[in-house]
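Using the sequences and the accompanying hints, generate a full structural model.
Spelled out from the first residue to the last, the chains are:
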Amino acid sequence: MENSGYLFAAYTIIWAVVFGYVFFLYYKQRKLRRQMGLLEDSIGKRQNRNGSEASTESNHGE
Amino acid sequence: MRGSLSKVLAIFWKDILLEIRTKESVTAILVFALLVLVIFNFAFEPETATMNLVAPGILWVAFTFAGVLGLNRVFAIERENSRLAGLLLCPIDPMLIYWGKLLGSFTFMFAIEIIVTPIFLVLLNLPLFLPRLLLIIVLATLGFTSVGTLFSALANNIRARDIMLPILFLPIVVPVIIAAVEATALVLQSSPWGDMMTWLQIMIAFDIIYLVVATLVFQYVVEG
Amino acid sequence: MDAKGALKHYALVGLGFALMVAALYMVFIYVPTDKNTGAVQRIFYFHVPLAWIGFLAFFVVFVCSILYLTKRDVRWDTIASASAEVGVVFTSLVLITGSVWAKAAWGIWWTWDARLTATLVLWFTYVAYLLVRHYVTEDSQRARLSAVLGIVGFIDVPVVALAVMLWRTQHPGAIIFEGGLVPSMLFTLIVCIVAFTVLYFVLVAQSTRLKNMEADIRNIKDIRMD
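Protein sequences appear in the order of chains U, H and P. Reminder that position 19 of the first sequence reads as 19 in the working numbering, one-by-one numbering, no gaps. Reminder that position 221 of the second sequence reads as 221 in the working numbering, one-by-one numbering, no gaps. Reminder that position 102 of the third sequence reads as 102 in the working numbering, one-by-one numbering, no gaps.
Calculated directly from the structure, the hints in this document are not laboratory data. Predicted model only: the values in this text are computed from it and were never measured. Glycine included, C-beta positions come from ideal geometry on N, C-alpha and C. It is possible that some hints are incorrect.
Unchecked claim - Stretch-level coverage of chain U by chain P, calculated; a stretch enters the list once three of its residues show a Cβ under 8 Å from a Cβ in chain P:
1. 9–23
2. 29–40
As the list claims (entries may be wrong) - Below, computed lysine-lysine pairings styled on DSS-like, alpha-carbon distance capped at 25 Å:
3. U:Lys31 <-> P:Lys8
4. P:Lys103 <-> U:Lys31
5. H:Lys7 <-> H:Lys23
6. U:Lys28 <-> P:Lys4
7. U:Lys28 <-> P:Lys221
8. U:Lys28 <-> P:Lys211
9. P:Lys8 <-> P:Lys211
10. U:Lys45 <-> U:Lys31
11. U:Lys31 <-> P:Lys211
Given below as structure tokens:
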């Protein structure tokens, strides 16, 4: 069992790298979710504004 | 078929003329290759025993680096004034452009090697007449330029192209470098022909594979 | 992601997790210690699957590259890119664990053995592939150029393997498979290979999904710019 230090090192590195990659994916996903949210918000706002403008215009028309 | 050949030769001749008139790359790359040879003499103990061991390596490192520099130029000269777009507008198959360019880069690299090799042999006090070395140089250079011409066109399209070409090129040509170094070592030891056959076969296989594959995929690199 | 897709995704993740736990149990508790090389031989059970799946990942890149160039469907390019990423991660681990094993077994971190050298060359090729993807900004151009690289790079594998094999070899591969491997060891290895195959698919699927999402967001932004 004199060389189990190497064994420990090898498995630690494997898990560190795999989790590192998973974390990288997770981080990217969170960033993309946030961007998606911002885009949805801005699209929603624009539609609301367009909608309200249209309704005020029609009010003036009457 | 004859039409294709004349188109290939036209592209080849255009590059040769350009080089003859401007003398832009060949001279500079030649000096660079010689400098690499000289620098390596400082990196190793210049004793005969050590030098005989490392000589093939030195020669091929010099050729590889010089080759990368030269290959960078193959499509770089087409970048100014969007000449490549003009070339692609010509009614010719992209394959023929690849072969024309390949012929050009092979000729340039071979010309440099033909001048550098005797100087290298003189510097190391080795025999000068080595026809087998010539064969190795032809096969290895064909391998280098078949991949290199394709990658030169590829790197031409991307940012950081000067550094990306060697990064793409060097891992792919590892088999050629290994085979060329080993075969050259055998030649310098004047071993019999049979010993170096395996290395020659590897280079021939590499050359054929990459000439075929590069011819097939070149159109995708220059398209659009 | 629709409900069915989500279910599939979680099933795959769950399966991968269960298999990984099983693999770890087998590697550290179930399988007997190797008589010749001792505890460090247990690295082998993860090292070999990583190498095989890394190689599989590059093969997937190769196939997807050909499919992209013939079909011109962006999906193939996205899968190729995800697979190359996972392949580079796995190949890096192969090199690192191999190096640790070599230090324990042979007393040296690195040797220019055939398989080590071939793996290193492969690693460089696909790191270059990822760099090219990074450096090309225009989508269709990136897909085209990287597909060419995916093909040219993979074709090189047999030639590199042959060249370095003739150059030198001292890898323990042959010894392990010539009767040195008792059935329990072989069984453990198979479980590990299955576990890593599932891990590969989970990672590639997830990475592909994120790349698609990224592309969608970019497209929406482009439309809004116009």
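Cross-check of the supplied hints:
As drawn, the region 9–23 of chain U meets chain P at 9 residues by the rule of a beta-carbon pair under 8 Å; at three or more, the given contact holds. Only when three residues or more bring their CB closer than 8 Å to a CB of chain P does the claim for the region 29–40 of chain U stand; here the count is 5, and the claim holds. Straight-line distance between C-alpha atoms of lysine 31 of chain U and lysine 8 of chain P comes to about 24 Å, which keeps the hinted pair within the 25 Å bound. Distance check on the hinted pair: lysine 103 of chain P and lysine 31 of chain U sit about 41 Å apart at the alpha-carbon level, beyond 25 Å; violated.
A threshold of 25 Å between alpha carbons decides the hint, and for lysine 7 of chain H with lysine 23 of chain H the separation of about 24 Å falls inside it, so the pair holds. Annotation: proposed proximity of lysine 28 of chain U to lysine 4 of chain P holds, straight-line Cα distance about 23 Å (limit 25 Å). About 18 Å separates the Cα atoms of lysine 28 of chain U and lysine 221 of chain P, which keeps this hinted pair within 25 Å; it holds. Proposed proximity of lysine 28 of chain U and lysine 211 of chain P is supported: the alpha carbons are some 9 Å apart, at most 25 Å.
Distance check on the hinted pair: lysine 8 of chain P and lysine 211 of chain P sit about 19 Å apart at the alpha-carbon level, within 25 Å; holds. This hinted pair checks out: lysine 45 of chain U and lysine 31 of chain U have alpha carbons roughly 21 Å apart, not beyond 25 Å. Taking the CA atoms of lysine 31 of chain U and lysine 211 of chain P, the gap is near 12 Å; set against the 25 Å cutoff, the hint holds.
Against the hints set out earlier in the document, a violation occurs for number 4 only.
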